[in-house]
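**Q** The lines below spell out each chain.
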Amino acid sequence: MLTESKFLPQDAVLSETCNAGDPWTGIVKKGQTFRILDLEGNQAVDTLFYNADDATERYSAVDTIQRQGQIYLTTGSVLYSTEGNPMLTITADTCGRHDTIGGACSAESNTTRYALSKRPMHSCRDSFMHAITHSACVIERNITKRDITANINFFMNVPVTSDGGLSFADGISAPGKYVEMRAEMDVLVLISNCPQLNNPCNAYNPTPIQLLVWN
Amino acid sequence: MSTFNPKDILWEETVPGGNHWSGLMRRGSALRFTDLQGGANVSLLLYNFEEKLERYNMPDSLKAQHTAFLTTGNVCYSDMGRVMCSFIHDTVGWHDTMCGISDAKLIEQKYGVANYQTHRNDMYRSAKDGLLIELAKHGLGQRDLVANVNLFSKVSANNTGGLVFNAGNSKAGDVVDLRFDMNVLVVLSTSPHPLDTAATYKPSDVLLTAWHAGNAKEDDVCRNKCEQNQRGFINTERFYAH
Numbered sequence: 001m002l003t004e005s006k007f008l009p010q011d012a013v014l015s016e017t018c019n020a021g022d023p024w025t026g027i028v029k030k031g032q033t034f035r036i037l038d039l040e041g042n043q044a045v046d047t048l049f050y051n052a053d054d055a056t057e058r059y060s061a062v063d064t065i066q067r068q069g070q071i072y073l074t075t076g077s078v079l080y081s082t083e084g085n086p087m088l089t090i091t092a093d094t095c096g097r098h099d100t101i102g103g104a105c106s107a108e109s110n111t112t113r114y115a116l117s118k119r120p121m122h123s124c125r126d127s128f129m130h131a132i133t134h135s136a137c138v139i140e141r142n143i144t145k146r147d148i149t150a151n152i153n154f155f156m157n158v159p160v161t162s163d164g165g166l167s168f169a170d171g172i173s174a175p176g177k178y179v180e181m182r183a184e185m186d187v188l189v190l191i192s193n194c195p196q197l198n199n200p201c202n203a204y205n206p207t208p209i210q211l212l213v214w215n
Numbered sequence: 001m002s003t004f005n006p007k008d009i010l011w012e013e014t015v016p017g018g019n020h021w022s023g024l025m026r027r028g029s030a031l032r033f034t035d036l037q038g039g040a041n042v043s044l045l046l047y048n049f050e051e052k053l054e055r056y057n058m059p060d061s062l063k064a065q066h067t068a069f070l071t072t073g074n075v076c077y078s079d080m081g082r083v084m085c086s087f088i089h090d091t092v093g094w095h096d097t098m099c100g101i102s103d104a105k106l107i108e109q110k111y112g113v114a115n116y117q118t119h120r121n122d123m124y125r126s127a128k129d130g131l132l133i134e135l136a137k138h139g140l141g142q143r144d145l146v147a148n149v150n151l152f153s154k155v156s157a158n159n160t161g162g163l164v165f166n167a168g169n170s171k172a173g174d175v176v177d178l179r180f181d182m183n184v185l186v187v188l189s190t191s192p193h194p195l196d197t198a199a200t201y202k203p204s205d206v207l208l209t210a211w212h213a214g215n216a217k218e219d220d221v222c223r224n225k226c227e228q229n230q231r232g233f234i235n236t237e238r239f240y241a242h
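As they're listed, the protein sequences go chains X and A. Heads up: the first sequence begins at 1 in this note's numbering, then just goes up one per residue. Heads up: the second sequence begins at 1 in this note's numbering, then just goes up one per residue.
Looking at chain A on its own, in the form it has when it is part of the complex:
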């Protein structure tokens, strides 16, 4: 169970729906993502802040934990066998990491066009454009755009592998807390999930609340979720040994 004392809060910031954000989260800090209106989506990418070639790896995260989605107890693995961040608390229950992001063409096909000229900051933006803008600020680009996590969104598979988007998976006030186990460059977009069935472009705002959580303890729920995660944390701890 993750609850934090208000005195441990480092900062708070709201990312409006459809917008994008990036920042450094140091090892031992945590971020609460709060879905403010319901139906939020956060397309999330993670990079080792000191060595950005090391990054979130979707297949390694899924197969190490024998799961097709992420929730409390799960961690995000880098491609170097280390734990980048941990799902320490989650009221949503299912976060997608198999379906990728929207691009400008998809947004136009689904919702039409609303540009800055006519709609100012209410313009429609794709997750891909938002992520590339943030990646570029850190010297990264197209080649660093890999399979991401979609916080708050649920897509399951039927018995023949067909995808089912679960509308209403996240309600207003739902939260997911990620503890960062490495120094992580977080890059995100709050644009809609690519399979979102909503007829209008109205992605929810997401509140980011950062606090000091400390490193994973011996009895940590994510460390002890499975033997694989215990070894993943050992790899991370060896990386930061000094």
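Isolated chain X, as found in the complex:
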């Protein structure tokens, strides 16, 4: 469902750009609002959330799907944790649909999906691995590969048909579209701003995003 935000960029307490292919980490406190802005369009933002106080509690794609009886995410969607607790609620969305079953590309899965020779290419899960070995706020919470699970792909369109077909369709995002969510607990955000060069959904052109937080 398309909904606009009441928040103004100039009032944000945090505003950072994350380049194509880079990881991004940050803490969003309970009650704060977090916006992911697709600067140039058709980007896919692979995102994981952890309880900032106890990272063994983390975003659960299957709980989110099952508890809402719905596979796509948009305004009103509650993002549930492995403990069945609401982590964030999507409060504004000018894109309209986000995926949580497509997961993050990896060097290893690219060998099966595209060609064995694709292994050396940059990938989302390698970005996650970089973040969990370099980012202080991730390291201090003992987040490891064990905690890298099915993520959200903001702005990604992965339609499922009633007979169970699944495809990666052209993006439905565009420059300036955003998704915004209110944190229901203190959360650690772990993003890989997808560098995928094999998938035509972004015209083989990964682009930067902007992250904003409001109190």
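Among the hints, erroneous ones may be present.
Unchecked claim - Within a straight-line C-alpha distance of at most 30 Å, the following computed DSS-like cross-link-like pairs (lysine-lysine) qualify:
(1) Lys145(X) - Lys137(A)
(2) Lys145(X) - Lys30(X)
(3) Lys105(A) - Lys137(A)
(4) Lys145(X) - Lys105(A)
(5) Lys105(A) - Lys154(A)
(6) Lys217(A) - Lys118(X)
(7) Lys118(X) - Lys52(A)
(8) Lys29(X) - Lys110(A)
(9) Lys145(X) - Lys52(A)
(10) Lys7(A) - Lys105(A)
(11) Lys118(X) - Lys225(A)
(12) Lys110(A) - Lys52(A)
(13) Lys202(A) - Lys137(A)
(14) Lys30(X) - Lys105(A)
Unchecked claim - Incomplete in silico selection of chain X near chain A, CB under 10 Å:
(15) Thr56
(16) Asp63
(17) Thr91
(18) Ala92
(19) Thr94
(20) Arg97
(21) Asn110
(22) Tyr114
(23) Ile148
(24) Pro159
(25) Leu197
Said to hold, decoys possible - To be clear about the criterion: a stretch of chain X counts as covered by chain A if any three or more of its residues have a C-beta under 8 Å from a C-beta of chain A, and this derived list gives those stretches:
(26) 71–82
(27) 98–105
(28) 137–147
(29) 163–174
Keep in mind that the hints were calculated from the coordinates and are not lab data. Heads up, the beta-carbon is just placed ideally off N, CA and C, and yes, glycines get one too.
Once you have looked at the hints, place chain A on chain X.
**A** Chain A in isolation, oriented as in the chain X frame:
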């Protein structure tokens, strides 16, 4: 088509409805799951037995095969790009892998409380509790609990993405045969699917029949389902090359 000779059977065991089980299935062995009363659900998790950080990956399995469910010809991919197991035969036709598991709160809300004090082994158990009990036996825990496969259960999506649970998807006597292409720690629960519409807690018993199937041959139905699977099997074969 997967049929096996009774002389190839390694062992058989019944997992009562609502119970849990774990064990090692070696590369080249296979398991037949038989729904004994109909309406069974098997919440299944898979780990590389020698390196348990490598495990079943739902998104990789779905997107490599361009499907939102699993059936004959499909394989389960690990997060390391390898084929862990293959659906070599299936009379059911649709196995869910998007909806996760029941937890204790959900079971209580749907069915009420039946504990060991009053109901002995007929107590109501959640899939999450059963899986965590089995995971703990292998030094694993909460952090290893990832998106699972729900054998025998069908959940489709309507044209707006709404989930539809298909009651009666599996009948008494229905079977699904999984061949293990790696040395896999199998962890499972036979508690109801979280979206099961049955009013009472009465999950079906599931018979496990293990046999020696051998490794995937060149003409294997799962290997040749799509080019992605051919490459997945190459990755697995390289892992076990010696």
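**Q** Taking the hints in turn, state whether each one holds.
**A** These are the hints, each one checked on the structure:
no.	hint	in the structure
1	Lys145(X) - Lys137(A)	holds (21 Å)
2	Lys145(X) - Lys30(X)	holds (26 Å)
3	Lys105(A) - Lys137(A)	holds (23 Å)
4	Lys145(X) - Lys105(A)	holds (28 Å)
5	Lys105(A) - Lys154(A)	holds (22 Å)
6	Lys217(A) - Lys118(X)	holds (25 Å)
7	Lys118(X) - Lys52(A)	holds (25 Å)
8	Lys29(X) - Lys110(A)	violated (34 Å)
9	Lys145(X) - Lys52(A)	holds (11 Å)
10	Lys7(A) - Lys105(A)	violated (44 Å)
11	Lys118(X) - Lys225(A)	holds (21 Å)
12	Lys110(A) - Lys52(A)	violated (33 Å)
13	Lys202(A) - Lys137(A)	holds (26 Å)
14	Lys30(X) - Lys105(A)	holds (24 Å)
15	Thr56	holds (5 Å)
16	Asp63	holds (6 Å)
17	Thr91	violated (19 Å)
18	Ala92	violated (19 Å)
19	Thr94	violated (19 Å)
20	Arg97	holds (8 Å)
21	Asn110	holds (8 Å)
22	Tyr114	holds (9 Å)
23	Ile148	holds (8 Å)
24	Pro159	holds (8 Å)
25	Leu197	violated (16 Å)
26	71–82	holds (count 3)
27	98–105	holds (count 4)
28	137–147	holds (count 3)
29	163–174	holds (count 6)
Going down the numbered hints, you'll see the structure goes against 8, 10, 12, 17, 18, 19, 25, while the others check out.
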